[in-house]
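Model the placement of chain B on the given structure of chain A, informed by the hints.
In order, the protein sequence lines correspond to chains A and B.
So for the first sequence, the working numbering puts the first residue at 72; every next one is plus one.
So for the second sequence, the working numbering puts the first residue at 72; every next one is plus one.
I should point out that these hints are in silico values taken from the structure, not numbers from a laboratory.
A hint or two may mislead.
Heads up, the list lumps identical chains together, so a pair's fine if it works in one copy or across two of them.
Simulated pairs of lysine to aspartate or glutamate, DMTMM-like, Cα-Cα distance not exceeding 25 Å [said to hold, decoys possible]: (1) K101 to E242; (2) K251 to E165; (3) K101 to D175; (4) K184 to E245; (5) K163 to E242; (6) K276 to D212; (7) K163 to D124; (8) K139 to E150; (9) K219 to E275; (10) K229 to E119; (11) K123 to E233; (12) K251 to E223; (13) K139 to D263; (14) K101 to D241; (15) K96 to D255; (16) K229 to D263; (17) K130 to E150; (18) K130 to D175; (19) K229 to D255; (20) K101 to E245; (21) K266 to E233; (22) K96 to E242; (23) K183 to D124; (24) K264 to E227; (25) K101 to E165; (26) K79 to D263; (27) K183 to D235.
2 protein chains.
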Amino acid sequence: MRNHQRGKLYVISGPSGAGKGTICKAIAGKDNIELSISMTTRNPRPGEIHGKDYFFATKEEFLDNIEKGNLLEYATVYENMYGTPKDAVISKLERGRNVILEIDIQGGLQVKKLMPEAILIFILPPSLAILRERLVGRQTDSPEVIEKRLAETLNEIKLLGEYDYYVVNDELEEAVSAVKGIIDAEARRVPDKVKPIIGRYEREKGETE
Amino acid sequence: MRNHQRGKLYVISGPSGAGKGTICKAIAGKDNIELSISMTTRNPRPGEIHGKDYFFATKEEFLDNIEKGNLLEYATVYENMYGTPKDAVISKLERGRNVILEIDIQGGLQVKKLMPEAILIFILPPSLAILRERLVGRQTDSPEVIEKRLAETLNEIKLLGEYDYYVVNDELEEAVSAVKGIIDAEARRVPDKVKPIIGRYEREKGETE
Chain A
72 MRNHQRGKLY
82 VISGPSGAGK
92 GTICKAIAGK
102 DNIELSISMT
112 TRNPRPGEIH
122 GKDYFFATKE
132 EFLDNIEKGN
142 LLEYATVYEN
152 MYGTPKDAVI
162 SKLERGRNVI
172 LEIDIQGGLQ
182 VKKLMPEAIL
192 IFILPPSLAI
202 LRERLVGRQT
212 DSPEVIEKRL
222 AETLNEIKLL
232 GEYDYYVVND
242 ELEEAVSAVK
252 GIIDAEARRV
262 PDKVKPIIGR
272 YEREKGETE
Chain B
72 MRNHQRGKLY
82 VISGPSGAGK
92 GTICKAIAGK
102 DNIELSISMT
112 TRNPRPGEIH
122 GKDYFFATKE
132 EFLDNIEKGN
142 LLEYATVYEN
152 MYGTPKDAVI
162 SKLERGRNVI
172 LEIDIQGGLQ
182 VKKLMPEAIL
192 IFILPPSLAI
202 LRERLVGRQT
212 DSPEVIEKRL
222 AETLNEIKLL
232 GEYDYYVVND
242 ELEEAVSAVK
252 GIIDAEARRV
262 PDKVKPIIGR
272 YEREKGETE
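Just chain A, same shape as in the assembly (with noise of 0.2 Å):
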């Protein structure tokens, strides 16, 4: 007998240098929260392990999942492709684990097209100037990358109207606390279906009287 609850599915999203990924490496692993694994066609770099860290795929195979509707969104960066695997997301809320997408914006509308109950959150930097700041800081990105990422960002943070939540990334271990926080919230809201709930105050009371 399967006595959990269905887990829940987020997408958490934000501009480039908002902290998403340092958010989702926090929060995964821990209070049964897990990463999906994407699908990539990208190379395995040293020390990837395929059905850990990516689903490594050739491009045929790859389109050959988009065509059969496996993947839940999917996108093209630098000429490879990398997507979300349904099977897979579907396999962990059904033994319910909540399960975290890591993906972009346009990502995420996809997602909430395909599974509409999926719970979006939007990471938000504390200004445009503090984002610059951070995306210099890295040091992987030119100068003409970092301004091409600054023009997007704001037409990204146009679509925040779309997501469910936002948090402000100002300080990470708040903004890693907050994601955590809905993440608890949102296994206290009363679900469609009470009737477990419900029932086993009425089973109690059937034996008690």
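Chain B in isolation, oriented as in the chain A frame:
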């Protein structure tokens, strides 16, 4: 200029003995949370202050308030009338305060009808057996009253589906932090009007370009 968000209205209900009163006292006064002050026709007890503990009113005044639609909900308990003055609640919300109504389930449903944006939290006992123990331990009710309360409890729990969240009050401290957590998470909900949030970034972009 008002630069705060409007506060949110929380209804906290639960069967007698589930602990809603203790939970409300624990969270009120902090973190921008205020208890609503009820109007009542009962006589003030020593030390009770009009406008702080209750708005004391004559039966005539109370009925007049009902007639004028000034009450969000009301009920008669042991010949005394209790109700929630709408204006006082709305003025607190407009000042950006979160307001808590500690009322029974019927009252909660009345509020939801008049203010559908209210967030309803149901406090559940861990079990009916533990609820009975608690009611006996209080030593305020006769065995007959306790049995009557327990019989009512199941009917109340059956209305759980009308509520938004539920918190099982097993350990008081955990239940208090769960309710606080719900209020924190709700503060991070993307509002219907996202313009004020997006506007901050737009203005900054305008300034930095």
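Results of checking the hints against the structure:
Taking identical chains as interchangeable, the C-alpha atoms of K101 and E242 lie at most 25 Å apart whether they share a chain (20 Å) or sit on different chains (22 Å). Taking identical chains as interchangeable, the C-alpha atoms of K251 and E165 lie at most 25 Å apart only when both belong to the same chain, with a minimum of 21 Å there against 29 Å between chains. Within a single copy, K101 and D175 get their C-alpha atoms as close as 23 Å, which meets the 25 Å cut-off; across copies the closest is 36 Å, which misses it. In this homomeric assembly, K184 and E245 never come within 25 Å of each other (Cα to Cα): the closest approach is 30 Å inside a single copy and 35 Å across copies.
Taking CA atoms no more than 25 Å apart as the test, K163 paired with E242 passes in neither setting, with 31 Å inside one copy and 29 Å between copies. When the C-alpha separation of K276 and D212 is checked against a cutoff of 25 Å, the pair qualifies only between copies, where the shortest distance is 20 Å, while the shortest distance within a copy is 64 Å. Within a single copy, K163 and D124 get their C-alpha atoms as close as 16 Å, which meets the 25 Å cut-off; across copies the closest is 50 Å, which misses it. When the C-alpha separation of K139 and E150 is checked against a cutoff of 25 Å, the pair qualifies only within one copy, where the shortest distance is 21 Å, while the shortest distance between copies is 67 Å.
With identical chains, the CA atoms of K219 and E275 are at most 25 Å apart between copies only, with a shortest distance of 16 Å across copies and 62 Å within one. Within a single copy, K229 and E119 get their C-alpha atoms no closer than 35 Å, and across copies no closer than 51 Å, so neither meets the 25 Å cut-off. Taking the closest pair of Cα atoms, K123 and E233 never come within 25 Å of each other, the shortest separation being 30 Å inside a single copy and 41 Å across copies. In this homomeric assembly, K251 and E223 never come within 25 Å of each other (Cα to Cα): the closest approach is 27 Å inside a single copy and 36 Å across copies.
Within a single copy, K139 and D263 get their C-alpha atoms no closer than 30 Å, and across copies no closer than 36 Å, so neither meets the 25 Å cut-off. In the homo-oligomer, the alpha carbons of K101 and D241 lie at most 25 Å apart both inside one protomer (23 Å) and across protomers (22 Å), since each shortest distance falls under that limit. Taking the shortest alpha-carbon separations for K96 and D255, both the intra-copy value of 17 Å and the inter-copy value of 22 Å come in at or below 25 Å. With identical chains, the CA atoms of K229 and D263 are at most 25 Å apart between copies only, with a shortest distance of 13 Å across copies and 31 Å within one.
For the identical chains of this complex, K130 and E150 are intra-copy neighbours only, at 10 Å inside a copy versus 76 Å across copies, given an alpha-carbon limit of 25 Å. With identical chains, the CA atoms of K130 and D175 are at most 25 Å apart within one copy only, with a shortest distance of 21 Å there and 59 Å across copies. For a Cα distance limit of 25 Å, the shortest separation of K229 from D255 across copies, 23 Å, qualifies, whereas the shortest one inside one copy, 27 Å, does not. For the homomeric pair K101 and E245, the shortest alpha-carbon distances inside one copy (17 Å) and between copies (18 Å) are both at most 25 Å.
Within a single copy, K266 and E233 get their C-alpha atoms only as close as 31 Å, which misses the 25 Å cut-off; across copies the closest is 13 Å, which meets it. Taking the shortest Cα distances, K96 and E242 sit within 25 Å of each other inside one copy (16 Å), while across copies they are farther apart (30 Å). Taking CA atoms no more than 25 Å apart as the test, K183 paired with D124 passes inside one copy only; the shortest distance there is 24 Å, against 46 Å between copies. With identical chains, the CA atoms of K264 and E227 are at most 25 Å apart between copies only, with a shortest distance of 16 Å across copies and 35 Å within one.
Within a single copy, K101 and E165 get their C-alpha atoms as close as 18 Å, which meets the 25 Å cut-off; across copies the closest is 38 Å, which misses it. In this assembly of identical chains, K79 and D263 lie within 25 Å of each other by CA distance both inside one copy and across copies; the values are 13 Å within and 23 Å between. Within a single copy, K183 and D235 get their C-alpha atoms as close as 11 Å, and across copies as close as 21 Å, so both meet the 25 Å cut-off.
Violation of the numbered hints given earlier is confined to hints 4, 5, 10, 11, 12 and 13; the remaining hints are satisfied by the structure.
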